[in-house]
Amino acid sequence: MPEEKTGQQIFLSGIGGQGILFITRLLAETAIHKELPVLTSETHGMAQRGGTVVSHLKVGCFTSPLIRPGRADGLLLLKAENLAQHRFYLKPGGWIVMNARSLPPAPDTSAGAVLHAAIHHIDADRLAEETGNPQSVNAIMLGFAAARASASAGTTPALFCSAEDIVAAIHQRFGQREKLLRSALEAFDLGLRHGR
Amino acid sequence: MSSRVLMMGNDAIARGLVENGCAVATSYPGTPASEILPAVVKWKKELSLPLHAQWAVNEKIAFEIAFAGSIAGLRTMVSMKQVGLNVAADPLLSAAYMGVKGGFIVICADDPGPHSSQTEQDSRLMAMFAKVPVLDPSTPREAKEFIALAYELSEAFEVPVLLRPTTRVCHASQDIALGDLLRIERNGGFRKEPTRWAATPKFRLLLHRGLNDKLKAMAVYPQTAPRLLSPGVTAKKAVVTSGVAAAHTKEIMDDLHLRDSCAVYQVLQPYPLHTDFMRTLLGTYDEILVLEETTGVIEMQLADRSKVRGKMSGAVPEAGELLPEHIERIIADFTGASAETAAPPPAAAGRRPSLCPGCPHRASFFAIKKAIPHSRSIYTSDIGCYTLGLNLGAIDTALCMGASVSQAAGFYHAYRQMGKETDIVATIGDSTFFHAGIPALIDAVVQDARFVLVVLDNSTTAMTGNQPTPATGIGACGDVTGKISIEGLVKSCGVAFCKEGNPYRVPHFVALLKEAREHSRTHGLAVVIARYPCLMDKRSKEERLPAVAVAISEECDGCGYCTKEFECPALEPDEAAKKVRINRILCTGCGVCLHVCPKRSIEGVERA
Numbered sequence: 000m001p002e003e004k005t006g007q008q009i010f011l012s013g014i015g016g017q018g019i020l021f022i023t024r025l026l027a028e029t030a031i032h033k034e035l036p037v038l039t040s041e042t043h044g045m046a047q048r049g050g051t052v053v054s055h056l057k058v059g060c061f062t063s064p065l066i067r068p069g070r071a072d073g074l075l076l077l078k079a080e081n082l083a084q085h086r087f088y089l090k091p092g093g094w095i096v097m098n099a100r101s102l103p104p105a106p107d108t109s110a111g112a113v114l115h116a117a118i119h120h121i122d123a124d125r126l127a128e129e130t131g132n133p134q135s136v137n138a139i140m141l142g143f144a145a146a147r148a149s150a151s152a153g154t155t156p157a158l159f160c161s162a163e164d165i166v167a168a169i170h171q172r173f174g175q176r177e178k179l180l181r182s183a184l185e186a187f188d189l190g191l192r193h194g195r
Numbered sequence: 000m001s002s003r004v005l006m007m008g009n010d011a012i013a014r015g016l017v018e019n020g021c022a023v024a025t026s027y028p029g030t031p032a033s034e035i036l037p038a039v040v041k042w043k044k045e046l047s048l049p050l051h052a053q054w055a056v057n058e059k060i061a062f063e064i065a066f067a068g069s070i071a072g073l074r075t076m077v078s079m080k081q082v083g084l085n086v087a088a089d090p091l092l093s094a095a096y097m098g099v100k101g102g103f104i105v106i107c108a109d110d111p112g113p114h115s116s117q118t119e120q121d122s123r124l125m126a127m128f129a130k131v132p133v134l135d136p137s138t139p140r141e142a143k144e145f146i147a148l149a150y151e152l153s154e155a156f157e158v159p160v161l162l163r164p165t166t167r168v169c170h171a172s173q174d175i176a177l178g179d180l181l182r183i184e185r186n187g188g189f190r191k192e193p194t195r196w197a198a199t200p201k202f203r204l205l206l207h208r209g210l211n212d213k214l215k216a217m218a219v220y221p222q223t224a225p226r227l228l229s230p231g232v233t234a235k236k237a238v239v240t241s242g243v244a245a246a247h248t249k250e251i252m253d254d255l256h257l258r259d260s261c262a263v264y265q266v267l268q269p270y271p272l273h274t275d276f277m278r279t280l281l282g283t284y285d286e287i288l289v290l291e292e293t294t295g296v297i298e299m300q301l302a303d304r305s306k307v308r309g310k311m312s313g314a315v316p317e318a319g320e321l322l323p324e325h326i327e328r329i330i331a332d333f334t335g336a337s338a339e340t341a342a343p344p345p346a347a348a349g350r351r352p353s354l355c356p357g358c359p360h361r362a363s364f365f366a367i368k369k370a371i372p373h374s375r376s377i378y379t380s381d382i383g384c385y386t387l388g389l390n391l392g393a394i395d396t397a398l399c400m401g402a403s404v405s406q407a408a409g410f411y412h413a414y415r416q417m418g419k420e421t422d423i424v425a426t427i428g429d430s431t432f433f434h435a436g437i438p439a440l441i442d443a444v445v446q447d448a449r450f451v452l453v454v455l456d457n458s459t460t461a462m463t464g465n466q467p468t469p470a471t472g473i474g475a476c477g478d479v480t481g482k483i484s485i486e487g488l489v490k491s492c493g494v495a496f497c498k499e500g501n502p503y504r505v506p507h508f509v510a511l512l513k514e515a516r517e518h519s520r521t522h523g524l525a526v527v528i529a530r531y532p533c534l535m536d537k538r539s540k541e542e543r544l545p546a547v548a549v550a551i552s553e554e555c556d557g558c559g560y561c562t563k564e565f566e567c568p569a570l571e572p573d574e575a576a577k578k579v580r581i582n583r584i585l586c587t588g589c590g591v592c593l594h595v596c597p598k599r600s601i602e603g604v605e606r607a
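Residue numbers (numbering that gives the first Met the number 0), protein chains in the order written: chain Y, 0 to 195; chain L, 0 to 607.
Treat the hints as calculated values from the structure; they're not laboratory data. None of the hints are false.
Among the chain L residues that face chain Y by a calculated CB cut under 10 Å, a handful are:
#1 Thr166
#2 Val168
#3 Asp174
#4 Glu324
#5 Ile326
#6 Pro344
#7 Cys355
#8 Met462
#9 Pro568
Just so you have them, the derived chain L footprint on chain Y, three or more residues with Cβ under 8 Å:
#10 27-33
#11 49-57
#12 119-129
Bear in mind the structure is a predicted one, so any value in this text is a computation, not a measurement. Backbone N, C-alpha and C define an ideal beta-carbon position, used for all residues, glycine too.
Go ahead and model the full structure; you've got the sequences and the hints to work with.
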């Protein structure tokens, strides 16, 4: 059997305009902050116009910017409808964190879908609207993931970083731009509290 | 604090350029190359560098400006996407003969997949055609390292060097260490040498012979020789790879425990392929697998085909991205290793790209369909965001930059010859109009072609990230530049009918289009400029109309007319309620949908 790489591979997807690239970058900057090597791969251009946007995040000693099917430690989905499309990236026992009103129905196993994944969901669209900042869906999801992916430790690997690490990366990214910083931190914290 | 910085491939390339003394940087935007020039500008500002950075009106002109900088002695670069190199092919082929003085890097980003392009063409073939060397980086970090290599190669042989990153290098990000800035003093200036820089055919023949000699010498240049990634391995099988395929291959060889049983070579310079390498490869190994994107450029240079597996043997696909899962299967087949078979991706396609909510182009397309119905018209269009008007049934053709105008003229001439009548509406964006639409417009006027040309003017190059156009009067560095008026151009091209309208004002805009159609039928070409700023362009905020609050009334019966004919992402079908609903997160309040519902079930409401 091929040996597993040490490190972590996270697949993120959503639709154009949701800020997939923003949270990918935050996680990548968190990795650098922890002095870990990092590679990401993103969608740009036409696909960003309301289409499906995906990004691959690999933390550790990797050379390829892409995750192979069945190798992702976790999926972070900003749009529930992407689950059927991207589930095949997940490795057996991996975690799924998704923005959804309710849990999805059990997957169709005839298509070879991975079972036994730990699925965590949160209605980030509603929470974002309630806070009056619809653009904060991505940061809420990141906070929620930070809480849940770590909580899954034991059966699945924890996220490569802690919530505190991500908060440090948020501070570094926004620096003195106080309004943006506060809004990102509040959204992240909201997600985190819902996850714990 | 870490000294490493997260850099996108394009940012890494830009950093490599400034670290290695690039003094002139030009570009025309195109995915996946668009971010290179803005990143150069960012470093220019941060480091207070004197370099000249600019967007040019198209790739040919960008190339020629940077080339002149090089023959004046400076290190320069031009960047574009693969389709852009077609536009710049003319100067590229001649510049190869003449060669350069200061290092000149032509960065051409390819898009296997294709993710955001009209073609999957392999620019390494263009390098081969033009007879210039090409370097093929595998990661963002390597892309930065290759800039130094490319400048050295370019100056050692006085030749333009092509750097060919692909989408997965340009838009991958990696932790990268910043290097020191090389200080280069160049005061030589342009040295006149007409037999070279203004060569007539007799001298071109000599220059061609000289270039052939350079290629032979570059094929033994040690710095760009292929790298053996598996030293110490005594195997009879070898994998040869380049570009991002090399990055995938390294990881897969480790995962499949093949590091000791198969030799792996990374080719840095796919053309000209190193002579010694070819000799060693064919002399040492019994079986050779070549993995590269997209065409078999390395493969076709290996003369003895009996040992080679690749695209020509059918082992490696000749179209599409060479994804790591494909490479894993191909390597497993080649070596006999067992690879994990993961579940195949589901056939279900994701959400298709669509014009943004509130996009003025959507309003223009809706008005065009209303004023000049599709059933008896031909809609030609072009390359840009507005190509997504395809979803609305408002586009019949999309060939290449500027072709909407020339194709409209072509249809007019063809129909006239057949004695048939049809209305023709061409749509083109403002940046594309400047890029390649003007010569086509001049030709249409001279040949008396009759159609309606709608210039979709959102005052920016939206698709590639809102770069300024020549009409904005803003440069790449945020500086004030000259300004060109689209109306002025259209009129001086000899078009009598040229009117401007705001597509958000639907009834008014529909009437304007009808008037243009009448003019085109009886008098000749009519141009309508549909003017409203792109909502993604932060510069244009104050030019926008106030937002309108809309709601779906009780009368809505979910007929789907608005979601099909208008396709605004903020209008969502509510299957359960058999109605349409407004997605408040997405709605921008453009109010255009008030004019869309034939039953008037979309209403304006007072704001609370």
